[in-house]
Amino acid sequence: MMLSIKDLHASIDGKEILKGLNLDIKPGEVHAIMGPNGAGKSTLGYVLSGRDGYEADSGTAQFNGADLFDLEVEERAQAGLFLAFQYPVEIPGVSNMEFMKESVNAIREKRGDDPLSASEFLKKAKEACKQVDLPLAFLKRGVNEGFSGGEKKRNEIMQMILLEPNLCILDESDSGLDVDALQVVANGVNSQRDGKRSFIVVTHYQRLLDYIEPDYVHILADGKIVKSGDASLAKEVEKTGYAWLGAKAEEADA
Amino acid sequence: MSQWLADVIDRAGSVQDWLSPVRGEALATLQNQQWPGRRTEAWRYTSLHPFDALLAQPGSTSAQVDSREFAIEGLDSLDLVFVNGELQTDISSLSLPTGLSISALDEPTDNARSVAGQVFTQVKPERHLFGLVNDVLATSGVIIDIADGASIETPVRVINLVTDKVESHNRVLVRLGKQATATVIEHGSGDGASMNTAFAEYQLGYEARLEHYRFALHSADAIHIGGSHFQMGEKSRLNSTLVGYGSQLSRLDVDIHHAGEHAFAKFNNIYLLAENEHFDLHSTIEHAVPNGTTEENARGIVGDNAKAVFNGRIHIHPDAQKTLAELNNRNLLLSRRGQINTKPELEIYADDVQCAHGATVAEIDDEALYYMLSRGISRSQALVMLNFGFVQELIEQMPNKALRDWLQPKLKTRFEGMEVK
Ligand SMILES: Nc1ncnc2c1ncn2[C@@H]1O[C@H](COP(=O)(O)OP(=O)(O)O)[C@@H](O)[C@H]1O
Ligand SMILES: [Mg+2]
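The listed protein sequences derive, respectively, from chains A and B.
Residues in the first sequence are numbered consecutively from 1191, following the working numbering.
Residues in the second sequence are numbered consecutively from 597, following the working numbering.
Treat the hints as calculated values from the structure; they're not laboratory data.
Just so you know, not all the hints are guaranteed correct.
Once the Cα atoms are required to be at most 30 Å apart in a straight line, the calculated DSSO-like pairs of lysine-lysine come out as [said to hold, decoys possible]:
1. Lys831/B - Lys761/B
2. Lys939/B - Lys903/B
3. Lys1316/A - Lys1008/B
4. Lys1425/A - Lys1216/A
5. Lys903/B - Lys761/B
6. Lys1196/A - Lys1386/A
7. Lys862/B - Lys1330/A
8. Lys862/B - Lys831/B
9. Lys1008/B - Lys1313/A
10. Lys1417/A - Lys1216/A
11. Lys1314/A - Lys997/B
12. Lys1196/A - Lys1216/A
13. Lys862/B - Lys918/B
14. Lys1008/B - Lys997/B
15. Lys1008/B - Lys1330/A
16. Lys1008/B - Lys1300/A
17. Lys918/B - Lys939/B
18. Lys997/B - Lys1316/A
19. Lys1313/A - Lys997/B
20. Lys1320/A - Lys1330/A
21. Lys862/B - Lys1314/A
22. Lys939/B - Lys1008/B
23. Lys1313/A - Lys1386/A
24. Lys1417/A - Lys1386/A
25. Lys1429/A - Lys1417/A
26. Lys1330/A - Lys1006/B
27. Lys1320/A - Lys1386/A
28. Lys1386/A - Lys1314/A
29. Lys1417/A - Lys1209/A
30. Lys1008/B - Lys761/B
31. Lys997/B - Lys831/B
32. Lys997/B - Lys1330/A
33. Lys1209/A - Lys1196/A
Bound conformation, chain A alone (with noise of 0.2 Å):
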């Protein structure tokens, strides 16, 4: 198993948002996660990911055998688990370059391979700016820094595809993107899927899922997942939007 999550139960300043969630993916699956607004999809990546302020209450999470809440923010990166943020940080002063030759590094240098030479890690850069359409100006610009919402969602599938993880995280990846842009998006997740790697595509739209064939649709509500099944689930999804989910969120609670 690449990652069981277990009845997990998460809060944000005192107030209960994930609500017992279970989740198992297995090396190669592309899952889907869809659900309203505030229903704690991005919660649930931040817990994942280890956020301050976004700790488990309960309920486990083992990522390649390991208990991913013993591990800090950082050594989860190191370890191969990548979120692919909903509003990715603007870092002005920090190049774009230096951010990701970093972090290129540091997860090198934990699997025991040589840092990259900075000619050796411009040429991959080349290679993953002009993958994911981004002019080579913007490896030089601050992370982030005045992209616009398309760039900065392009920008993460390129540090997605440099930084090479097991699991991938990815919040609303689509949203705010064009059809362009979003082919671009889902070009860029799909050349990574390689029978190993896995991902967790968390969109509100089924729109994504037509360029990224899920194995598995979840429909998150109310901190836990209501409905599983196949693609099909996500077309059912377009059609009837979430309204029926009030009532059905209140029977799983009941």
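With chain A held as given, fit chain B with the ligands onto it using these hints.
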């Protein structure tokens, strides 16, 4: 009254040179000055206590100094080296480009005398106590004149080194003629328990362009009080960067006076303070005429027990319509024992102006830190990258590449050393 000041006044009586008439006026003013205390507004957050235990003594002990210490790779500059107030450079042996004249303060040419007549105590008529001390005691220094229309590519660098336990006073006077262009670097360094004052006055003529740097890089025990004052002529442009660290007491006054319309001034300031260092920057922007622009950015990192004081005053006179003035001071506090006193002071007497100011004292940006950690970067490395980046932005804005390349690792190393959890 401090013993030191009484002594200064005493010594000033014996300074006799061609500037004596002006020095005399300054001395008269100085004699009526109160020693600044806690209740003196301009010195409120900066204690002059270190003067009670002053180890520095006047008089030049001609220390032998390795000039390589000041070598900056790739910087092809005309260097004027002062050690403890003694000029080590033979100006007559320098091959100066046409349009540039340099004179030692104690051996002025006729032209230099006329420059001094326009600049000395004229660019900044109101001086605080230490400015007056410099007026009466600074017999060492240079007078630089850039002729109308002259474009001087080679930076002129005034290196002012003061060694352990020596007191020294230095003055730089610069005039840029009409449409003249030049780069001037004030490179100050106080070793050990040195004490020095260093003031510079610049007069920028019509459409003159000045690229200016002031490096106040002192040892932890040094005392340094100085200032750079600029008088902006019509359509003149100033791009100035001041970098400071070290000193148990460092006080710098930067004044930019818009005397002619349509002038543009950019002033960046960086300070990195550790241990018990104290750095006080008072900047005063005077918009006396319409259509002037000033952009000022001061950024500092304060760790350990260090203390930063920033007072940024913008004064827009009633006639100074269409002024555009922006002042921003950003600080990062790394330690709970560190202290930052920042105070923007706006006095706006014209109604059609754009004026923005802001001052922030931040701690670590948790969101950015989390983002970096989530990419596998270690905590300590992320802290360096994050917190240095905000200073690096200003380093990158320095127009001179050799200076950027020299300063960047220097400041980064210093920052890494002061990193506190
Ligand atoms: N930092 C926070 N502080 C307080 N409440 C938060 C915070 N982050 C998220 N929440 C709340 O947690 C719930 C789930 O949010 P989120 O995980 O962002 O949902 P989703 O990503 O599914 O839209 C919402 O009610 C939201 O208001
Ligand atoms: Mg979300």
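Structure-based check of each hint:
Taking the CA atoms of Lys831/B and Lys761/B, the gap is near 44 Å; set against the 30 Å cutoff, the hint is violated. Proposed proximity of Lys939/B and Lys903/B is supported: the alpha carbons are some 14 Å apart, at most 30 Å. Restraint check: the Cα-Cα separation between Lys1316/A and Lys1008/B comes to about 27 Å, which is no more than 30 Å; the hinted pair holds. Between Lys1425/A and Lys1216/A, the direct Cα distance comes to roughly 23 Å. Compliance with the 30 Å bound is thereby established for this hinted pair.
For the hint pairing Lys903/B with Lys761/B, the CA-to-CA distance comes to about 23 Å; that is within 30 Å, so the pair holds. Pair hint Lys1196/A plus Lys1386/A holds up; C-alpha atoms about 22 Å apart against a cutoff of 30 Å. This hinted pair checks out: Lys862/B and Lys1330/A have alpha carbons roughly 24 Å apart, not beyond 30 Å. Proposed proximity of Lys862/B and Lys831/B is supported: the alpha carbons are some 13 Å apart, at most 30 Å.
Distance check on the hinted pair: Lys1008/B and Lys1313/A sit about 27 Å apart at the alpha-carbon level, within 30 Å; holds. This hinted pair checks out: Lys1417/A and Lys1216/A have alpha carbons roughly 19 Å apart, not beyond 30 Å. Annotation: proposed proximity of Lys1314/A to Lys997/B holds, straight-line Cα distance about 28 Å (limit 30 Å). With a C-alpha separation of about 15 Å, the suggested pair Lys1196/A and Lys1216/A falls inside the 30 Å cut-off, and the hint holds.
The hinted pair formed by Lys862/B and Lys918/B meets the criterion: a straight-line CA distance of about 17 Å does not exceed 30 Å. Only pairs whose Cα atoms come within 30 Å are accepted, and Lys1008/B paired with Lys997/B is accepted, the gap being roughly 16 Å. A threshold of 30 Å between alpha carbons decides the hint, and for Lys1008/B with Lys1330/A the separation of about 19 Å falls inside it, so the pair holds. A hinted pair counts as satisfied when its Cα atoms are at most 30 Å apart, and Lys1008/B with Lys1300/A qualifies at roughly 25 Å.
In summary, the hint linking Lys918/B to Lys939/B is supported, as the alpha carbons are separated by about 24 Å, within the 30 Å threshold. With a C-alpha separation of about 26 Å, the suggested pair Lys997/B and Lys1316/A falls inside the 30 Å cut-off, and the hint holds. For the suggested pair Lys1313/A and Lys997/B, the alpha carbons sit about 26 Å apart, so the restraint of at most 30 Å is met. Our distance criterion of 30 Å between C-alpha atoms is met by Lys1320/A and Lys1330/A, whose separation comes to about 15 Å.
This hinted pair does not check out: Lys862/B and Lys1314/A have alpha carbons roughly 39 Å apart, beyond 30 Å. Restraint check for Lys939/B and Lys1008/B: satisfied, since their Cα atoms lie roughly 27 Å apart, inside the 30 Å limit. As the CA atoms of Lys1313/A and Lys1386/A are separated by approximately 25 Å, the hinted pair is consistent with the 30 Å bound. Of the supplied pair hints, the one linking Lys1417/A and Lys1386/A holds, its CA atoms being roughly 25 Å apart against a limit of 30 Å.
Pair hint Lys1429/A plus Lys1417/A holds up; C-alpha atoms about 16 Å apart against a cutoff of 30 Å. Taking the CA atoms of Lys1330/A and Lys1006/B, the gap is near 22 Å; set against the 30 Å cutoff, the hint holds. For the hint pairing Lys1320/A with Lys1386/A, the CA-to-CA distance comes to about 24 Å; that is within 30 Å, so the pair holds. Of the supplied pair hints, the one linking Lys1386/A and Lys1314/A holds, its CA atoms being roughly 21 Å apart against a limit of 30 Å.
Pair hint Lys1417/A plus Lys1209/A holds up; C-alpha atoms about 15 Å apart against a cutoff of 30 Å. Annotation: proposed proximity of Lys1008/B to Lys761/B holds, straight-line Cα distance about 29 Å (limit 30 Å). The hinted pair formed by Lys997/B and Lys831/B meets the criterion: a straight-line CA distance of about 26 Å does not exceed 30 Å. Our distance criterion of 30 Å between C-alpha atoms is met by Lys997/B and Lys1330/A, whose separation comes to about 17 Å.
Pair hint Lys1209/A plus Lys1196/A holds up; C-alpha atoms about 11 Å apart against a cutoff of 30 Å.
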